[in-house]
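Chemist: I would like the entire structure built from these sequences, with the hints used as guidance.
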Amino acid sequence: MTINFDSKKNYKVIGTNPIRHDGYDKVTGRAIYGADVKLPGLIWGEVLRSPYAHARIKSIDTSEAEKMDGVFSVITSKDIPINSTKDEKTFTQNNGITVNLKRDVDNILASDKVLYKGHAVAAVSANDRNTAKEACKLIKVEYEVLEPVKNVDEAIAKDAPIILEDLEADHLGKTVKNTNIAKHFRHELGDADNDFKNSDYVLEKEFNLQTVHQGYIEPHNATAHWDENDHLSLWSSTQGMFAVRDLTASFLDLPISKVTSNYVEIGGGFGGKTKVYLPPLAGILSKKSGYRPVKMIMDRISVFQGSGPAPGGKIIVKIGVTNDGKINSGSVDIKLEAGAYPGSAIPAAAVCCLACYNIPNIKVDAYDVLVNKPKSAAYRAPGSPQVSFAVESVIDEICEKMTWDKIDFRIANASKEGTRKPDGVLYHKIGFIETLEAAKKSDHWNSKIDKRNKNKIYGRGLACGYWHNGGNRSTVDLILQDDGNIALNEGSADIGGTRTSISMQVAETLGIPAENIHPSIPDTDKIGFTATTGGSRTTYATGYAGWEAAKKLIDEMKKRVSILWEEPENQINFDDGKFNSNVSELEISIEELATKINPTGGPVTSTASVNLSAAGNGFGVGICDLEIDPKTGKTDVVRYTAIQDVGKAIYPQYAEGQIQGGAVQGIGWALNEEYYIEKDGSMANTSFLDYRMPTALDMPNIDVILVEVANPLHPFGVRGVGEVPIVPPLGAVANAIKDATGKRLYHTPMNPRKILEAIDNA
Numbered sequence: 001m002t003i004n005f006d007s008k009k010n011y012k013v014i015g016t017n018p019i020r021h022d023g024y025d026k027v028t029g030r031a032i033y034g035a036d037v038k039l040p041g042l043i044w045g046e047v048l049r050s051p052y053a054h055a056r057i058k059s060i061d062t063s064e065a066e067k068m069d070g071v072f073s074v075i076t077s078k079d080i081p082i083n084s085t086k087d088e089k090t091f092t093q094n095n096g097i098t099v100n101l102k103r104d105v106d107n108i109l110a111s112d113k114v115l116y117k118g119h120a121v122a123a124v125s126a127n128d129r130n131t132a133k134e135a136c137k138l139i140k141v142e143y144e145v146l147e148p149v150k151n152v153d154e155a156i157a158k159d160a161p162i163i164l165e166d167l168e169a170d171h172l173g174k175t176v177k178n179t180n181i182a183k184h185f186r187h188e189l190g191d192a193d194n195d196f197k198n199s200d201y202v203l204e205k206e207f208n209l210q211t212v213h214q215g216y217i218e219p220h221n222a223t224a225h226w227d228e229n230d231h232l233s234l235w236s237s238t239q240g241m242f243a244v245r246d247l248t249a250s251f252l253d254l255p256i257s258k259v260t261s262n263y264v265e266i267g268g269g270f271g272g273k274t275k276v277y278l279p280p281l282a283g284i285l286s287k288k289s290g291y292r293p294v295k296m297i298m299d300r301i302s303v304f305q306g307s308g309p310a311p312g313g314k315i316i317v318k319i320g321v322t323n324d325g326k327i328n329s330g331s332v333d334i335k336l337e338a339g340a341y342p343g344s345a346i347p348a349a350a351v352c353c354l355a356c357y358n359i360p361n362i363k364v365d366a367y368d369v370l371v372n373k374p375k376s377a378a379y380r381a382p383g384s385p386q387v388s389f390a391v392e393s394v395i396d397e398i399c400e401k402m403t404w405d406k407i408d409f410r411i412a413n414a415s416k417e418g419t420r421k422p423d424g425v426l427y428h429k430i431g432f433i434e435t436l437e438a439a440k441k442s443d444h445w446n447s448k449i450d451k452r453n454k455n456k457i458y459g460r461g462l463a464c465g466y467w468h469n470g471g472n473r474s475t476v477d478l479i480l481q482d483d484g485n486i487a488l489n490e491g492s493a494d495i496g497g498t499r500t501s502i503s504m505q506v507a508e509t510l511g512i513p514a515e516n517i518h519p520s521i522p523d524t525d526k527i528g529f530t531a532t533t534g535g536s537r538t539t540y541a542t543g544y545a546g547w548e549a550a551k552k553l554i555d556e557m558k559k560r561v562s563i564l565w566e567e568p569e570n571q572i573n574f575d576d577g578k579f580n581s582n583v584s585e586l587e588i589s590i591e592e593l594a595t596k597i598n599p600t601g602g603p604v605t606s607t608a609s610v611n612l613s614a615a616g617n618g619f620g621v622g623i624c625d626l627e628i629d630p631k632t633g634k635t636d637v638v639r640y641t642a643i644q645d646v647g648k649a650i651y652p653q654y655a656e657g658q659i660q661g662g663a664v665q666g667i668g669w670a671l672n673e674e675y676y677i678e679k680d681g682s683m684a685n686t687s688f689l690d691y692r693m694p695t696a697l698d699m700p701n702i703d704v705i706l707v708e709v710a711n712p713l714h715p716f717g718v719r720g721v722g723e724v725p726i727v728p729p730l731g732a733v734a735n736a737i738k739d740a741t742g743k744r745l746y747h748t749p750m751n752p753r754k755i756l757e758a759i760d761n762a
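In this text, residue positions in the sequence shown follow this note's numbering: the first is 1, and each later residue adds one.
Possibly wrong hints are sitting among the right ones.
Stated by the list, open to error - What follows is a set of in silico ranges between Cβ atoms, one per label pair, in the way DEER data are often shown:
id	residue 1	residue 2	range
1	424	127	55 to 65 angstroms
2	424	585	52 to 62 angstroms
3	685	153	20 to 30 angstroms
No lab work stands behind these hints: they were computed from the structure.
C-beta atoms are modelled at their ideal positions from N, C-alpha and C, and glycine is treated no differently.
Modeler: What follows is the structure in structure tokens.
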């Protein structure tokens, strides 16, 4: 599709920082989150979870729980309608991909086996939350305990316990049974295996990463209510209202017209709320409880044990270079933990791993590996932080071996327009070289490390990262109000200020102030389908729909002006919020026109729906200075600069905030965070007290440099911001540790114990 780009650079709205539309409600406590939903006659639902990481369910006896005073209903997997009414349990998503619906159903309520500690096996509704919890304790489940598979190495071992006995896996196009490798695919460009022979230096290293959690503050929740017409309404903390509607309808064997998903504010998601857990259970409990509305809220332990984390895994990187400073060949072997059911981030990881570099010969093998942990979910740029950590560490080590400048080498090999990614797709105009050059010129890179304490050791590291940024389907409706303001309805859940960023794009197109746009997110019955908020798609794709809707609104207003002035429509011009005529001196603003619409017809409205391919291609560079206590291994980041090509920063403060937040999460992933898994497969650190995430007290101010190289596929050059910043920190921290200690670490987290061991063994 060809777009006529707006060459105007001096925007009036875009690039400013207006008051965010949801700010007042959030700071005053008026914003409604999932846990705030109140309905008459509301009762509570609770979930019984497995104490074992891997076991067969031999029997479930719910009779004692059902007899308890205050209990309305108890359900198990047999009560999920699709389990008894559908033979072919598949579901075709709106992206055209068909998924095994039985796996998704079993993930929210286990049928024959439990596959991770915390796997839901039954649910209860009762008068109050405490009664529901006590009733769960009365449910008797007989298990046959099986050996758990805790990591990739155990999963692929010769005699490994098989997690899904009925799995038919696709290994390079061949069907394989009795395996924990759910999928194996390959990307190839050129002939990497042969071309390593032409390299002057080849380095191959293995990396291991632990499972981590997104760490959103608000836990998963859901409220369900049936009306007298057997219509189900849902409220839940989700990044995708339509995903909740569609999957709940499928699980309950209902047409989607019988399910409405309502928007509520979200207390953090980062990809972890793209999955559906509680809404179908709340819906079933509600119906079996005499149609009483049911609310369910996970506690923190359940969030850690029962919702999807970012996968750990094993990555092997091999890169060959020539003496003239060129990468001529690269291969990456990626094994990521899918969790208990197929579907890790290997498709994205396989593309992202070598996407930063122009390499003529590439081979990427990607494996989706089943382990006895919760089914993995997205976490900011899913799959990219893991592979970037590995590749950027190898790149750094090569530069050290060959005594090459670390930025100049990256610039010389950087991807640019026309470079082919590992999946064979060519880049449009991108800004990776410009981002590297900005890093090279930055004050951080050109300043000495502040070695403030003579008893500590210091190091500096640099690393790069990539995310493709998403497209997909979005809808925006616009209505011209009688006072000249614009009502904007859109279907994207707002987890990053997207209501404001979309409003700003509409305001810029219409030539009116951002405060004249009043955005809202209606329920799924009142707006066209809009894909889940994630992958940095929303400002790009929903913003694009907003731009198209604004253009359509202008066209409709031109018709009304033509009627009002009794002049040909093709003689009416629009510029900067005003209409004027080629044949007279008449002029009218949008605000004035709104007061004169009535004689020209009905209300002035417009709708735009788009389905954009993934486009945007964002790159980032992180520079990290850290301080290490050589006696304890304790590590503190003392300075961090994030440089990122954002295409066009619609709301610069938002962009900076997104980048700062992503950088902090990446640093936490690098230094502290992990699922600590016991021998029995259980997670030991199931609270924020012992699952250690960085806070503001642990971090310096994150400096941000915004690089704007316009995306040619968007009218305002938008690329997307939120995914890329989490990618570089893992490699930047690892490279800084090497600079400080002289010892390179090949695993995450790079915690004090591991750093101290490295120092002691140096």
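Chemist: Would you say the C-beta atoms of residue 685 and residue 153 sit inside 20 to 30 angstroms of each other?
Modeler: 21 angstroms, holds
Chemist: With 55 to 65 angstroms as the target window, see if residue 424 and residue 127 comply at their CB atoms.
Modeler: For residue 424 and residue 127 the Cβ distance comes to about 59 angstroms; the hint holds.
Chemist: I want to verify a distance hint. Is the separation of the beta carbons of residue 424 and residue 585 within 52 to 62 angstroms?
Modeler: Since residue 424 and residue 585 have Cβ atoms about 57 angstroms apart, the given range 52 to 62 angstroms holds.
Of the hints listed earlier, there is not a single one the structure fails to meet.
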